[in-house]
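Those protein sequences? They're chains C and Z, same order as listed.
The opening position of the first sequence corresponds to residue 2 in the numbering used here, with each subsequent residue numbered one higher.
The opening position of the second sequence corresponds to residue 10 in the numbering used here, with each subsequent residue numbered one higher.
In case anyone wonders, no lab produced these hints; they're calculated from the structure.
Please note: incorrect hints may appear among the correct ones.
[What the hints assert, rightly or not] Subject to a maximum C-alpha distance of 27 Å in a straight line, what follows is the list of computed DSSO-like cross-link-like pairs (lysine-lysine):
#1 Z/LYS483 - C/LYS61
#2 Z/LYS356 - C/LYS43
#3 Z/LYS483 - C/LYS43
#4 Z/LYS152 - Z/LYS183
#5 Z/LYS183 - C/LYS43
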Amino acid sequence: MGKYVIRRIGQMVIVLFGATLILFACLFVLPGDPVGSLGGDKARDPAVIQQLRERYGLDKPLVEQYGTYVSNLVQGDLGEDYTQRREVTEVLSPKLGNTAKLAVAAIVIDVVLGILAGLIAALFRYSFWDVLVTLLTTMAIGFPSFVIGMILQSQFAVNLGWFPLISDGSFNSLIMPAFTLAIIDAALVARLMRGTMLEVLRADYVKTAIAKGLPRRTVLLKHVMRNSIIPVVTYIGISFGGLLGGALITEAIFNWDGIGFALVTAIQQQNNPIIVGVVTYGVAVFVLLNLLVDLLYAVLDPRIRLS
Amino acid sequence: MRGATRARWAVCALSAVLAAAAAGCGGGGGGGTGVVRSSWGDPQNPLEPANTNEVQGGKVLAMIFRGLKRYDPRSGAAENMLAEKIETSDQQNFTITLKDGWTFSNGEKVTSKSFTDAWNYAALVDNKQKNASFFEYVDGYDKVHPASGAATAKTLSGLVVKDDRTFTVKLKTKFSTWPDTLGYTAYAPLPRAFFDDHAAWLKKPVGNGPYAIDSYAKGSAMKLTKWDGYPGDDKAKNSGVELRVYTDNNTAYTDLQAGNLDLVDDIPSAQLKNVKNDLGDRYINQPAGIIQTLAFPMYDANWSKSGMEKVRRGLSMAINRDQITDQIYQKTRTPATDWTSPALGEKGGYKAGLCGDACTFDAASAKKLIQEGGGLPGGRITLTSNVDTGSHRVWMDAVCNSINNALGNDNACIVNPVGTFADFRNQISEQRLSNPFRSGWQMDYPLIQNFLQPLYYTDASSNYGKFSDPQFDKLVDEANAESSQGAANAKFQDAERILAREMPAIPLWYQNGSAGYSDRVSDVTLNPFSVPVYEQIKVG
Numbered sequence: 002m003g004k005y006v007i008r009r010i011g012q013m014v015i016v017l018f019g020a021t022l023i024l025f026a027c028l029f030v031l032p033g034d035p036v037g038s039l040g041g042d043k044a045r046d047p048a049v050i051q052q053l054r055e056r057y058g059l060d061k062p063l064v065e066q067y068g069t070y071v072s073n074l075v076q077g078d079l080g081e082d083y084t085q086r087r088e089v090t091e092v093l094s095p096k097l098g099n100t101a102k103l104a105v106a107a108i109v110i111d112v113v114l115g116i117l118a119g120l121i122a123a124l125f126r127y128s129f130w131d132v133l134v135t136l137l138t139t140m141a142i143g144f145p146s147f148v149i150g151m152i153l154q155s156q157f158a159v160n161l162g163w164f165p166l167i168s169d170g171s172f173n174s175l176i177m178p179a180f181t182l183a184i185i186d187a188a189l190v191a192r193l194m195r196g197t198m199l200e201v202l203r204a205d206y207v208k209t210a211i212a213k214g215l216p217r218r219t220v221l222l223k224h225v226m227r228n229s230i231i232p233v234v235t236y237i238g239i240s241f242g243g244l245l246g247g248a249l250i251t252e253a254i255f256n257w258d259g260i261g262f263a264l265v266t267a268i269q270q271q272n273n274p275i276i277v278g279v280v281t282y283g284v285a286v287f288v289l290l291n292l293l294v295d296l297l298y299a300v301l302d303p304r305i306r307l308s
Numbered sequence: 010m011r012g013a014t015r016a017r018w019a020v021c022a023l024s025a026v027l028a029a030a031a032a033g034c035g036g037g038g039g040g041g042t043g044v045v046r047s048s049w050g051d052p053q054n055p056l057e058p059a060n061t062n063e064v065q066g067g068k069v070l071a072m073i074f075r076g077l078k079r080y081d082p083r084s085g086a087a088e089n090m091l092a093e094k095i096e097t098s099d100q101q102n103f104t105i106t107l108k109d110g111w112t113f114s115n116g117e118k119v120t121s122k123s124f125t126d127a128w129n130y131a132a133l134v135d136n137k138q139k140n141a142s143f144f145e146y147v148d149g150y151d152k153v154h155p156a157s158g159a160a161t162a163k164t165l166s167g168l169v170v171k172d173d174r175t176f177t178v179k180l181k182t183k184f185s186t187w188p189d190t191l192g193y194t195a196y197a198p199l200p201r202a203f204f205d206d207h208a209a210w211l212k213k214p215v216g217n218g219p220y221a222i223d224s225y226a227k228g229s230a231m232k233l234t235k236w237d238g239y240p241g242d243d244k245a246k247n248s249g250v251e252l253r254v255y256t257d258n259n260t261a262y263t264d265l266q267a268g269n270l271d272l273v274d275d276i277p278s279a280q281l282k283n284v285k286n287d288l289g290d291r292y293i294n295q296p297a298g299i300i301q302t303l304a305f306p307m308y309d310a311n312w313s314k315s316g317m318e319k320v321r322r323g324l325s326m327a328i329n330r331d332q333i334t335d336q337i338y339q340k341t342r343t344p345a346t347d348w349t350s351p352a353l354g355e356k357g358g359y360k361a362g363l364c365g366d367a368c369t370f371d372a373a374s375a376k377k378l379i380q381e382g383g384g385l386p387g388g389r390i391t392l393t394s395n396v397d398t399g400s401h402r403v404w405m406d407a408v409c410n411s412i413n414n415a416l417g418n419d420n421a422c423i424v425n426p427v428g429t430f431a432d433f434r435n436q437i438s439e440q441r442l443s444n445p446f447r448s449g450w451q452m453d454y455p456l457i458q459n460f461l462q463p464l465y466y467t468d469a470s471s472n473y474g475k476f477s478d479p480q481f482d483k484l485v486d487e488a489n490a491e492s493s494q495g496a497a498n499a500k501f502q503d504a505e506r507i508l509a510r511e512m513p514a515i516p517l518w519y520q521n522g523s524a525g526y527s528d529r530v531s532d533v534t535l536n537p538f539s540v541p542v543y544e545q546i547k548v549g
């Protein structure tokens, strides 16, 4: 297990370097000078552009730029952004916090709602509840998130006044965006849960357990749940990784100052240090979560050995 | 969905009126009594006066700084603020005397040195200030800001401090209306704190305006409170301003309607059709100091050879500006009739209609002129612009349609969209374009000089088409040497008449500044830079 983790972390470092290198190369070949366009429609004078190019190392060849970036990265320094001239880590850290808050809230709602709904639907197959879950999940999957977000806003903020319309830092303002993000995922989790559970319920070992006279609760918790949750864990892991990478539309609707919006703005401004910073972080989170999911497999299913 | 929101909001507002308790609606949204809650975006640059030339940073600077002059929010005229008098006998050497009794909000006195230190900082190439070029008229600029290489001096030799309240400025050449440029924030005085602890100052800037910054959370909000000790006569009429960052202007608009926000200054384009119904007379739409033009590559012989002025004029006449500004922009652009902006006002040198017939849509004459001039180079033209912002793609299509219709040829004009602004910028500066391209200009100060000299004077900094006309240059020089603003304006307007004849750039439209506000506030106006005049806003 220890060896496995170390090997996976080693792989992660390679993936990180690969991802940043590809990104660096892409940004390098983009037409236009990110510093030259900082002045908007007005031409910036060549002396200042030259100074800025030197300051950000843009006058150096790609390999040298990348080398500098990596050696700084190892020391936890992501560089300075082009527009505000602030440390990238300083710019991004509050946004990362906001995105993480939203992602955690969304994933909690996601897990609770999704698993519960799937469980009920599978246990009471073809009942009213099953049909209701199928109907609701179909609707949830069909709605784009901006529609859900705006419906929530108009009903619960403008009409009923239960929650603030947009983020104001309070816990209350977290609920609507978290729901907006969670609803689609929860629907998918519910369907996944229902499907795998129905399969497991038909499995021989479950029949055996029931025939042996085990209490229904033990059968369900120890044998059915545990076995049917593996694909759900995989899905939730991936989805959590996606959430931590920011959610542009939801962030925009609820004025949530997160990573997704920062990335889009940075792309529009060709603010390369921010772009590279966000992507590096995104890749790291994704790889880490994948590792976590793989480790969880072994916990859930002793037959899976990590070696 | 949007309609439903609006209807409910109306019901809510109505019931609030009936109950005589506005607090019943909307909910949320902080802001103490008398505080104006206004939408905001993260400033693009650090909040240094000489490094800010966009509206978001401009809002803050307009609240916390006062310079030698101030532009009247209505007329745009430059009036003395901190300056008691600015005197000159030769239009080149100026003596500036400051009023007594001005301090920064941290108590430090505003002296001559507060100005000269700030200007020297702005001009020095090492400080990489966006608006450094404003100081190019001051003697010694070449030393502190050489075109290439390192600076050979730290300070502008043209600035000399006489005493605490007097300093002199020597300009490189005669520039009679130079004092009227001094209302721009780039010329604001700076306290010692700016130089002594720059990082701390940037976190919480300190100035000498009617407001002081209370707190600044980058990316989310800035709170400003009225500075009670403010010595000027334009004291704030509200108790403070809360600037809230909105990542999406649709969200800000919804928040305004829900009663959580008092002022938005960017109406989302999707809402332009509804805004009059939604807000009634609480919607402002007025020309800003921004003009869009189509510049011709005069460096290209195909366009600059004699006779082509007819083609250029003809193309201008082929564009139906009224229709495009109506249908695409819902009147948030105003058809241009000259190369400046109505935001200048008469005093600033604006005169409607200087472009004359050449800017009036006339398909038949357009076709005739273009044929007389020898036709389009290569039989067709392409229009180039970046298309990542500002609906440029849409208007370029419309302009091309208009030209094609006028010429009766579906292929006379095609659009060349460039994906990113940086790429577009590059193609322009490397003179790679051989056909007309978009050229926008946002004024630095409300003077006609600012719309003409940087753009059309030979080899000027933003003269991308490389237009050059000795007569135009001569008129600009003469205008700058005139002793009265009226006489200078007349000369500049004569210079504009040359542009009308030569048409190095087709004026398209003036961009408008727009804003909407809640019924909680009144006396909302925009200044010539489209920045809300916060200190005049009354709450309640």
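Hints and how they fare:
1. With a C-alpha separation of about 43 Å, the suggested pairing of Z/LYS483 with C/LYS61 is violated against the 27 Å cut-off.
2. For a cut-off of 27 Å, the pair hint linking Z/LYS356 to C/LYS43 stands: about 25 Å separates their Cα positions.
3. For the given pair, Z/LYS483 sits about 24 Å from C/LYS43 by alpha-carbon distance, which is consistent with the 27 Å threshold.
4. As the CA atoms of Z/LYS152 and Z/LYS183 are separated by approximately 19 Å, the hinted pair is consistent with the 27 Å bound.
5. Restraint check: the Cα-Cα separation between Z/LYS183 and C/LYS43 comes to about 24 Å, which is no more than 27 Å; the hinted pair holds.
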